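Visitor: Next come the chains, spelled out residue by residue.
Protein chains: 2
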Amino acid sequence: MVSKSNAIIAQSGGPTTVINSSACGVIQQAIKSSKIDKVFGATNGILGVLEENLFDITSERPKDIEALKRTPAAAIGSCRYKLKSMDESKADYERILDVFRAHDIHYFFYIGGNDSMDTADKVNKLAKDTGYELVCIGVPKTIDNDLAFTDHCPGYGSVAKYVAVSAMNAGKDTEALYTTDTCTILEVMGRNAGWIAAAAGLARREPEDSPNLIYLPERAFSKEQFVNDCKDALKEFGRIVVVCGEGLVDDKGEVITADAGVFDRDSFGHVQLGGISEVLKDIVGKEVGVKARCNKLGTNQRSAMHFASLTDVNEAYLCGKMAVKHALDGVNGKMVTLVRQSNSPYKCTTGLAVLSDVANGEKKVPDYYINQAGNGITDAFKEYATPLIRGEAEVTIGEDGLPVYMRFERKPLEKKCANYL
Amino acid sequence: MVSKSNAIIAQSGGPTTVINSSACGVIQQAIKSSKIDKVFGATNGILGVLEENLFDITSERPKDIEALKRTPAAAIGSCRYKLKSMDESKADYERILDVFRAHDIHYFFYIGGNDSMDTADKVNKLAKDTGYELVCIGVPKTIDNDLAFTDHCPGYGSVAKYVAVSAMNAGKDTEALYTTDTCTILEVMGRNAGWIAAAAGLARREPEDSPNLIYLPERAFSKEQFVNDCKDALKEFGRIVVVCGEGLVDDKGEVITADAGVFDRDSFGHVQLGGISEVLKDIVGKEVGVKARCNKLGTNQRSAMHFASLTDVNEAYLCGKMAVKHALDGVNGKMVTLVRQSNSPYKCTTGLAVLSDVANGEKKVPDYYINQAGNGITDAFKEYATPLIRGEAEVTIGEDGLPVYMRFERKPLEKKCANYL
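Chains as they are written, first to last, in this note's numbering: chain A, 1 to 421; chain B, 1 to 421.
Any given hint might turn out to be false.
Under 10 Å between C-beta atoms, here's a sample of chain A residues computed to sit facing chain B [claimed, not checked]:
(1) A164
(2) A176
(3) I397
Everything labelled a hint here was simulated from the structure, so no lab data went into it.
Nothing here was measured: the structure is a model prediction, and the numbers come from that model.
Quick reminder that beta carbons are idealized off the backbone N, C-alpha and C, glycines included.
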């Protein structure tokens, strides 16, 4: 490795409340190092690398870098650009190395989920094949909590906390107005895995608390069972609060959605979801015979810095920091993982997983976290998830009563390569 | 007035984050008084009176009464039962007085909006006509902020703060992922008045902040203008964050929803599910040519105790307290109002308005708070609304990282009247 070279940091996929905390960990740790000269941000993830759209984070104001911990979403910019296989997209991978070469970049820190780890892995392998010295380290990120080889993912604790408090609040609202507005349906994210929906169950401390019913994509959704579940809840509590993951599927594995429009698939080929709560609302009205309302938190659940989990913020930061430490220690081709040491007191350290393993893995909610009826969670899940939502992240509140977030100045780096995209 | 008699407190209509703070003010002030013996809660508003479904709040634990300030929604229970005119519903009004008589109730504190003030006014007049000694005082409550004769309504500051932070967070999310998820549409409450939608504008400190566009029911919605507005925002910022009140109307005054209205069917003749945000999403996809996502905060916006306005909580409490003070001072047939003394520093005291005046009034967002293009707010609105969202309400967080809310024990009072409903 050359004595002192530059690093690139990029963020990818759906933003989270704490992806910037991970970025902060990477940047602050890299700045301390004598081996890393400058840290460049790739504007909008791998797109920024392909387009040579880079900026020097090292020259940003330290207070802005510190404020990353208190700013949701992805301050460097994210994207949903997915590189195909090496056969199909070799030019893309070569371009990435060209840009790295032009800017003397020998460290690549990629914050993302499975797809990002796959990209990092392929770039890394091509570098090896072509004799370009490169260290690629992945930093886990996803609200979906579905990455394998890590106890949980940075981003999950905060969405879990927000969804739980939202279920609690919607529950109080329903409890107050049940005589007319008897049912509330909370639609939450979670395409293939029900981790986020499950987190709503943390709100239910007592039987009369909300939510009454939670449906996860891990179980085939049965209209008949749903109607019976609602009738039971109605009989027992006089009201119904339902939480559903957006990716509910029927017994044929087809996603249940009311939606289909011109942009019904994203660039990864995933069906654009949304609308399950409206489907359930319709069923409740027609088959249960009570009025239902829908709350669809949408992107607000993954950007709620004002009630984020401090544990999540701290662990996201730690993952970023450890990525740099490992890179400098000679680790390569790995993603930092979170390793739970104990539950009471909760202790969590980090480990490492092979990028390609993470890329190919997916962790759904296991059976023992879902109740037998498939409409709620178990105590084992509560034990797993509760430590992750503890503590309230720090937020700076301005004179106007609203949070103060940072935004990078983002002075673009001079381009050294030909145009590409 | 008899030397010592009982009071009833009831809550009505849609819950808010701070309606319980008003109840707390009423209860704690009444407990101090030598003229009021017991305070009874009417379970589910006026329904609880009609059904003689009462409980003794005076015997609830003082710490639960205090915790009302930190609990959203309506702890006594609310309802949407609307009494008709005296001619049509005289039996109802007489029944109310029968229940009051049976339980020696001579003070009636009603927390609600226009309809509640109308009910309180009619009960009061009937009491006068029949020689029953009664003091009726209204306490204002509505997230919609549309009550006349008061500078603003308890409940508004908190929904405003939550909607603003949600616009801010959704904005950061859109900023991060604009290359694919270019437009975010936030649907907020406000059926006839755009106060809540307008509040989202508080999030926009700099031109590049969100939201870009705000549409209020006070202005006829034009699809053509909307498309142009979106294209302009897209050109200038590369992304679009739209906030819309749920009650948007077209130029004929018809409410635009997916269920009924001008945009009710897609090109295949399918009725679209969801509300105004889904309609706008469809327009953005088809006419602007970018992908949009919808966030529909629903009842979560009016129950978000975890980011409520301290100013709102304090003023709601003050209104409740003043209602009792005035009642004991011989005031009758009035609603407590909020009177702004100055803006910097912000000072607000209370006043009084005649119940029947409030019942018949409605306050929409005035022209000078809406920008000329009808797609945003003015600085004058910011000056009006900013003081109302300042300060963060206290929340008790439990061991599990979630708020701790109270719930009354609610031991039912022995019934003394025949069944009614």
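Visitor: Would you mind marking each hint as holding or not holding in the structure?
Guide: Hint check:
The restraint placing A164(A) at the interface with chain B holds, with a minimum CB-CB distance near 6 Å, inside the 10 Å limit. For A176(A), the interface hint holds, the least distance from its beta-carbon to any beta-carbon of chain B being 4 Å, beneath 10 Å. Of the supplied interface hints, the one on I397(A) holds, with its beta-carbon coming within about 7 Å of a beta-carbon of chain B, less than 10 Å.
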